[in-house]
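The listed protein sequences derive, respectively, from chains A and B.
This note's numbering numbers the first residue of the first sequence as 466 and each following residue consecutively.
This note's numbering numbers the first residue of the second sequence as 277 and each following residue consecutively.
Worth double-checking, as some hints may not be accurate.
[As the list claims (entries may be wrong)] A few chain B residues facing chain A, derived, Cβ under 10 angstroms: (1) W294; (2) G328; (3) E369; (4) G429.
[What the hints assert, rightly or not] Derived coverage of chain A by chain B (criterion: at least 3 residues anywhere in the stretch with Cβ under 8 angstroms from a Cβ of chain B; other residues may be distant): (5) 635-642; (6) 679-689; (7) 757-768.
No lab work stands behind these hints, which were simulated from the structure alone.
Ideal Cβ positions, reconstructed from N, Cα and C, are used throughout, including at glycine.
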Amino acid sequence: MTLISVRAGIEQWAFRRTAPHPQALLRAGLGAFLLFYWGLKVLQVPALFSDRALWLPWPDATWHPFFQWLVRAPDPAVAYGIYGAFMLCLALFTIGVWMRPAALLAALFYVYYWLISLHLFPTSYDRLFPFLLVVMAFSAGDRALSVRMWWKYGSWFAWDEASVLGQRIVALQVAFTYLGVGWQKMVLPAWQSGDVLAQSVMGIWGTPLAFWLTRWNVPAWVYDRLTFMVMAFEFAMPFGLWIPRWQWLFFAMGMVFHVLIAVLMGIWWFLVLIPAYVAFIEPETLLAMLQRALPISDSPGPPPSFSPRHFGLGRHRTVGTAQ
Amino acid sequence: MRRRTDTLREMVTRTCQWLVLIGFIAINLAAFIYTMTRAIVLPWPVIALSYGMMAPYQSATPYSFALTAESVLEDGSRRAVDLSPYYPMVAPEAAIRQYVPFIHWRKDAEAPFDLASTYHEIARQVLAREQAAHPEIRAVELYWEQWPISPFGPEVERIPFHLERSLVATAP
Chain A
466 MTLISVRAGI EQWAFRRTAP HPQALLRAGL GAFLLFYWGL KVLQVPALFS
516 DRALWLPWPD ATWHPFFQWL VRAPDPAVAY GIYGAFMLCL ALFTIGVWMR
566 PAALLAALFY VYYWLISLHL FPTSYDRLFP FLLVVMAFSA GDRALSVRMW
616 WKYGSWFAWD EASVLGQRIV ALQVAFTYLG VGWQKMVLPA WQSGDVLAQS
666 VMGIWGTPLA FWLTRWNVPA WVYDRLTFMV MAFEFAMPFG LWIPRWQWLF
716 FAMGMVFHVL IAVLMGIWWF LVLIPAYVAF IEPETLLAML QRALPISDSP
766 GPPPSFSPRH FGLGRHRTVG TAQ
Chain B
277 MRRRTDTLRE MVTRTCQWLV LIGFIAINLA AFIYTMTRAI VLPWPVIALS
327 YGMMAPYQSA TPYSFALTAE SVLEDGSRRA VDLSPYYPMV APEAAIRQYV
377 PFIHWRKDAE APFDLASTYH EIARQVLARE QAAHPEIRAV ELYWEQWPIS
427 PFGPEVERIP FHLERSLVAT AP
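Chain A on its own, in the form it takes in the complex:
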């Protein structure tokens, strides 16, 4: 194996031009999730982001005056205006129209909300979301299953070839997140016994279901074993996701893991990682899977014909011919 062949292999893996469907599904999934996540805050806008909120912005007097101006508390009407613009950007991003400026603007709004409020609840996912928006702004997420394609070709199922780099960056980031989160637990003192699990499900994040389960009063070693299983899962996850033969098993385990966190601790925001697993599927594989259900062609451009059977309307072609 020469250096040139290694370079060619990496370029083929990271930069080749191919079907953008994984990136399109990432765009739609992330956008829909963020619309839901931020949509839940609609009634809280005055109490969180206006002069009616407890106002503790991140920038202090030592920052540049621009930032001090930026984080002044707006009145509720202005706060709703900013929120509305943010939601509009997310909506445009989700449907794939003017995706790049919409994603970049949404990321900037995210930074604004971080500076005025989110830094008081500094979570991994509120860092991950704006980062993914920036990555998607430079991706090919709008080159398939988007309004852009519909405008260009008159079909939702048309697609343009594009670089796979955006998909790879998202996949690498998800893998790095699991790597850091999982491997750090091996050295953190708090994670060396099952106490952390018991305290988590009985603590401030515990749900009624979690409290009900803890009342079974199982021995401490059960929590020890469960904690070990969590660590083993997160230890293997960043590698298993990449192995085509095993990745569906890891997708399933990841789903179970995040659903359990959601139902036992109410931390549902990481559920977004489940649709993000699509980033680990090779574009050609996903294209073949989608073609079984949708009228998507093998090559870029619009589908050669529309078949009503794809919409359950029968088996006769009505548009175009494929002879």
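With chain A's structure known, arrange chain B on it following the hints.
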């Protein structure tokens, strides 16, 4: 000429792609090294975001906690202040937001504000809003409360016998 331009564009694109890929992986590896060893191999502002995206859950404690408030009226009597309008999110997030000043205080090198001044600022803002609605209020006191966790519910042990309560700020 056009062919040369296309070749040049392809070269620039490919170079940018390599820079993005190598830079992204290098920053994440540096963040991972910091995560595991606390060794800083790249400047902190460069790795801060990546480290933040790979930080594990560390909120487990053997106690629950909350910030509470009391108003002091003109006649010297006291009344509990409902802080929930100021923290309209789900209860655990509200508790963490109230707890964050402690986190900042503990790593004060990175802190944008310290514990005492942050709590005083919260008390000052609560007082201003409460006085607007109830002019008879003269002062607001903030208390930090914590109590042991229990499998029987989040508030079961929040009883005088187990409750630890300390004054953290007064306004004015």
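- Which numbered hints fail: 7
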